[in-house]
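There are 2 protein chains.
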Amino acid sequence: MKDLFKKEDIQLLWQSTVGLERETVRLNHDGTMSEQPHSKQWGQRGYHPYILTDFAEAQLELITPPCSTSEGVQNWLKATHQIVATTNEEFDELLWPFSTPAYIPEDRENIKVAQLSDPDEVAYREHLGVYYGKDVQLISGIHYNIEMNPEIMDQRIKEKMIDNHLPYTDQSFRDIKSAYYVEIGRRYLRYRWLLTYLLGASPYVAENYGTKLYGTPEQQRVRTLRQSRYGYRNHPNVQVSYDSLETFVEDIEKYVETDYLMLEKEFYSDLRFRKGAPLRKMLEDGIDYIELRNFDLNPLHPNGMATEDMDFVKLFVLSLLYIDKDTNTDDVIYGHELNQRVAEEDALLPCTEPEEAYKLLDLMAETATHLSNHEYLFEIIDTKRQQIKQPELTLSGQLVKNIEQAPSFLEYGLSLAKDYQQIYLKDNYSLHGFEAFELSTQDVLKEAIRLGVKVNILDIKDNFVQLSFKDQVENVRNGNMTRLDNLISYFMMENKVVTKKLLSENQIAVPKGQDFNDIDEAKYYYPLIEGKAFVVKPKNTNYGIGITIFDQSASQSEYEEAIKFAFEKDNTIIVEEFITGTELRFYIQNHKVLGIVERQPAFVIADGEHSIAELIDIENKHPLRGKAHFAPLTWISKGHEETVLLTKQGLTFDSIPPRDEKIYLRSNSNISTGGISIDRTDEVHPDYIQQAQAASKALDAYFCGVDMIVQDWTQPISDTNQYGIIEANFNPMITLHRYPGIGTKRPIGRSVIHGLFPELAEIDPLHDAIEYTESSSNTLKN
Amino acid sequence: MKDLFKKEDIQLLWQSTVGLERETVRLNHDGTMSEQPHSKQWGQRGYHPYILTDFAEAQLELITPPCSTSEGVQNWLKATHQIVATTNEEFDELLWPFSTPAYIPEDRENIKVAQLSDPDEVAYREHLGVYYGKDVQLISGIHYNIEMNPEIMDQRIKEKMIDNHLPYTDQSFRDIKSAYYVEIGRRYLRYRWLLTYLLGASPYVAENYGTKLYGTPEQQRVRTLRQSRYGYRNHPNVQVSYDSLETFVEDIEKYVETDYLMLEKEFYSDLRFRKGAPLRKMLEDGIDYIELRNFDLNPLHPNGMATEDMDFVKLFVLSLLYIDKDTNTDDVIYGHELNQRVAEEDALLPCTEPEEAYKLLDLMAETATHLSNHEYLFEIIDTKRQQIKQPELTLSGQLVKNIEQAPSFLEYGLSLAKDYQQIYLKDNYSLHGFEAFELSTQDVLKEAIRLGVKVNILDIKDNFVQLSFKDQVENVRNGNMTRLDNLISYFMMENKVVTKKLLSENQIAVPKGQDFNDIDEAKYYYPLIEGKAFVVKPKNTNYGIGITIFDQSASQSEYEEAIKFAFEKDNTIIVEEFITGTELRFYIQNHKVLGIVERQPAFVIADGEHSIAELIDIENKHPLRGKAHFAPLTWISKGHEETVLLTKQGLTFDSIPPRDEKIYLRSNSNISTGGISIDRTDEVHPDYIQQAQAASKALDAYFCGVDMIVQDWTQPISDTNQYGIIEANFNPMITLHRYPGIGTKRPIGRSVIHGLFPELAEIDPLHDAIEYTESSSNTLKN
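Chains as they are written, first to last, in the working numbering: chain A, 266 to 1047; chain B, 266 to 1047.
Read the hints as simulated data drawn from the structure, not as lab findings.
Treat the hints with caution; some may be incorrect.
Repeated chains share a single entry, so a pair holds when one copy, or any two copies, can fit it.
The calculated lysine-lysine pairs, modelled on DSS-like cross-linking and capped at a C-alpha distance of 30 angstroms, are [stated by the list, open to error]:
| id | residue 1 | residue 2 |
| --- | --- | --- |
| 1 | 777 | 797 |
| 2 | 777 | 271 |
| 3 | 442 | 267 |
| 4 | 271 | 540 |
| 5 | 797 | 683 |
| 6 | 1010 | 892 |
| 7 | 927 | 343 |
| 8 | 857 | 1010 |
| 9 | 1010 | 579 |
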């Protein structure tokens, strides 16, 4: 290992990927273990990449994919915790934040092992329960998987091989790389005791914890029961050598043959080399990554491990690479002994190996010097450094003190669990950790992750993700741009003139009119609109710019002025009849309307007491309102546009209008300027639903938003009740329907996943579920 | 009709649509009729909307769709003539420009009637040949179909009905509209003689023309033999009344019943009311348009009718609407007599009804006053006005004089036909009349029209067209953006970072590298590219802006400068390995490579005599070169960029380099700056073709252009012969392969049509045809 990496490589090594597995037990609110099965809302656990069951049926295992930053790992944990908690809320369940249980049923048979569909897996768990005790198996932890950045590691190994004139083959390369990983493993096992001292976090356990426990809980107060001799341990005869990858593999195989282990994966070590089963494959194919298993859940963090601690562990491992002395089996054995001693020490005993602790922390600081985020890392190291002499600042130290002040270990853990449940469900319209995506994509991803669809981020800025389920791979942009739509349909909707032509050809009503490229030609059109209500608009318009509406009729000169105005904004203008009525947005998937909303501009309802400014402030407290594009609804501004509209109504922000008066603050209904959507899906007359669906067929669109003006949408189409489709959108906004300001929430993101993966639609118990909005604010109740 | 239209309606009436049917006989170069069957290259004539056969197998009927401008009609004629002429060129055929044949085989049996697949249609033609004579049936003309702009006509009729308190029903409206059309018809028949005087153009016919002809050709010299009693005429007993639509329909039905006519369509009148068969349908459904049949081919125009004459006829018909006196059957009978007299007059006799002629022309001028293009129309009217007293300026007058000066009528016609064949094939890379589209779309449309696919222009500016064949409708943008591609595949190719990720996932070689959003992160990447050849570029780059290439290696500071430079152009940059080699473009359809080109920057090959400036001028005469984007290749400039590159080579535009030296004038290979493409389809090693096809599969693209850099494309892929795909294009340019500067032309547009309409692929005799380039210029021969 000596001199393998240069100092300047540390920045690339910092990009080494980490993935976490976090175990946790589902509880009832009284602290007893949940007897509910693993929810089918979480897809098929035999396949699920993120939400699985561990030993017990009520024991979840939440897995993150490998990420090059700790923040990325934490984001995944946020998302899976939120998704799990949403289901748990329905079943009144909580997640136990400690590694060790505070409550164990007297009859251990009441601990149900995970009811997986694979009978071998069930049998294996039954064996574990009998062999180790079901209570021991309930202990949960975190596995920290790390792969050294292969780009820089492979390059440096190759260079080293050339420097040492070693014959290069793919196999010789892989062997040398594995040897490096084994050396890292030995070093880790030698020095991991420091992590146990700092991050151990299971001082207590339920009083009726298996017979192996000594004394009473008060006497325990260890740093980590989970890592003590009373935690998760193989038979004492299982002693695996870390001399080389060969000895490691052969030893485990030997213990399986001699029945000390049922399966290779039953080898409970603080560190395992990983490639996938069987272990022997590693001998040929090399080690992919290492799995560090010595982490207790941090009960002070809702997701079981703080981002800073993830970074601390990463820096710890990377620093080991720069130690200029190689290790051997004796070091490993010494490390085991030291670690067990530290684990079993009183949590409030200061570090008994301060010299080595400071040496390691100094090494880490030196390593951090070459990283761009060294200030942040120095701070973390300093915090840990204090803990060497002040054990009450370590995790276990803090917990001991907190528990001693609480009514009981169980009560303390439950109060944390309840707080965390609130945190998991905060701003539940978003997908926690994925807020960099637009809300539509977040909604789709939430459903994907829930159902066990693998998510691969292709380009965050572009809202571009890859979703895969079993062998099927789907790429999705902006929530609903997918393989299910064809390219020309997209361009058909993008071009409003073409949209109108195609709808007309298919006998679907659009406002009658014509497009013009020439100002004179447009003028000559006057005889056809004389005496009628009509609109003049630029071909491409946003926020109504360049539009003139004549809701009765216009003189020739008024008309010509409107044309001139529109031509200032675009080379092509449209003159078309004006239909008075309500503008509805139909969200359509596979020619079926899934949601209809009406949009209204920002407004407040007066209460006769507060000024308009105050009413706005009250309204802006609504939980769905936030910064434009980051929340389903946007805070209402008190800016220029609002002032102008109030002035027109003879009002100011200080006015106190009479009770129940509805005061509009904008004339445009965009959500981004404070407007709201109102769900009308179950109210609109079927005639219009049928027309919207016919439009999506005419445009050959799988996903499509149809904007329609209807004179009276409660009544059927007739000569005196006109309607017209004004445009179609290839990327209709999901949030309008998913989180309307008023009315029923439509599960649009879910339908996207169901459409892409029909197999999941069939097994999803939420297939037809609908959530009802609770509107808390005054305006939104209207 | 009185007062139906207001003066200001004329501008909308001017948008009335016109469609032409132009008949013409295919000839051999010696003037004999072609014995070649109607080419299968022109699709299925039983269905073809544009290219059909008329009476004889060698008699083409070219049909235009209805267009609101005469220019639009002319454009369609240009296109169909060009397409027909392209096939004719292959079979050494010409199109006879006169209505009357100059050559008729002695044995009339040698005139083969059109061999349509419908036996009834063949039998009908045999009947015509027997009943009227095959020579008479050979006479060709133009039918001018016009529909009054229904928007303004319908509106005015409705207003009139309201004003007169007429009960409104759909049927009463249609009846009144038909009555107006019948009145227009009567007026036209009353006054059409003026058009016969001005536009009649068949003074002569072959000497052995049927027995009905009088005297010798020299004696004829009529204005129009086609409209004389010796032209195309029903039995004299067939006298159809134009009193009303009822009498019109009933009379024709009577003559069919009494066997004076075999079919309703055998009624040869100068004007027919049209709706589609059977005629009786019009009584219920109303008249759609009127068909004016009294036009000889104008032999002085390659397409049989000049645009000015189309406009003159349109103005003539529209002016009739403003006559304030209605007509009756007597007027029609008088009109028939007058027209026949004018038709049979000596072509050099001045107008015998000058008073009425001037009155009509005055009316037309008054009508034109209210049109925006009145200056243009006044000029046409003035030209015609002169012809009233100067018959030698009329069409027939000019022709008589030209033929008298020529060796013979046949020779004269043949020399025109040969000239026109040149005109039809000029700039044959374009589609005549459709030059407003980009070249790719023109190529696709040419193949569509050839094979009988209906073309409907949705948006010219967007190159957006609708193609339909039988019941199948396809919308196409930019030549190859269609329903066959899916939406997400488009976005996958649009985003270069995503493209690379997806290709990598599928084990397809792309230049190794990474994208960065942060300048520091990019810096830390240096250890991975130290000592290597690599490129730094903005994520989205055009024309190579912001790119730095290190073709050996770079120092840390050079690297950092390149990063900074790239970040000035984009928020995301890409650092990737640089593969030295040739950049190839693979054009792929349905995962099959159809063409491969190499691109080279603008260059000239010295001849040791001319200066570089002169060599450029010579090169720019190449027929494929033209204005950027309007020709397959672009004129080479003598601008700043070229000067800079010459200076670098120690040259100026005045330098005369030694013979055979290749002088590059640009460093970028874009076609729009004078670069050329070189077809390599049959030369590139199959390894790369396979990789390009694998890429199109990985990107799930139906149409796709893959850009690949290959070290040596003649050799297989190996460790020492690297390659990498640098990007994929969702809208690959067709012209690069269709008209390469050097090498075989690949029929890419044809493949688009074959892909969209597999039925046509099967019947197209050109399915596997390839054209070979004849490069005329010095450079392009290299």
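Hints and how they fare:
1. For a Cα distance limit of 30 angstroms, the shortest separation of residue 777 from residue 797 inside one copy, 11 angstroms, qualifies, whereas the shortest one across copies, 63 angstroms, does not.
2. Taking identical chains as interchangeable, the C-alpha atoms of residue 777 and residue 271 lie at most 30 angstroms apart only when they sit on different chains, with a minimum of 22 angstroms there against 72 angstroms within one chain.
3. For the homomeric pair residue 442 and residue 267, the shortest alpha-carbon distance inside one copy (13 angstroms) is at most 30 angstroms, but the shortest distance between copies (98 angstroms) is not.
4. When the C-alpha separation of residue 271 and residue 540 is checked against a cutoff of 30 angstroms, the pair qualifies only within one copy, where the shortest distance is 27 angstroms, while the shortest distance between copies is 86 angstroms.
5. Taking the shortest alpha-carbon separations for residue 797 and residue 683, neither the intra-copy value of 63 angstroms nor the inter-copy value of 56 angstroms comes in at or below 30 angstroms.
6. In this homomeric assembly, residue 1010 and residue 892 come within 30 angstroms of each other (Cα to Cα) only inside a single copy, at 21 angstroms, whereas the closest approach across copies is 57 angstroms.
7. Within a single copy, residue 927 and residue 343 get their C-alpha atoms no closer than 40 angstroms, and across copies no closer than 64 angstroms, so neither meets the 30 angstroms cut-off.
8. When the C-alpha separation of residue 857 and residue 1010 is checked against a cutoff of 30 angstroms, the pair qualifies only within one copy, where the shortest distance is 17 angstroms, while the shortest distance between copies is 47 angstroms.
9. Taking CA atoms no more than 30 angstroms apart as the test, residue 1010 paired with residue 579 passes in neither setting, with 42 angstroms inside one copy and 59 angstroms between copies.
When the structure is compared with the earlier hints, violations turn up for hints 5, 7, 9 and for no others.
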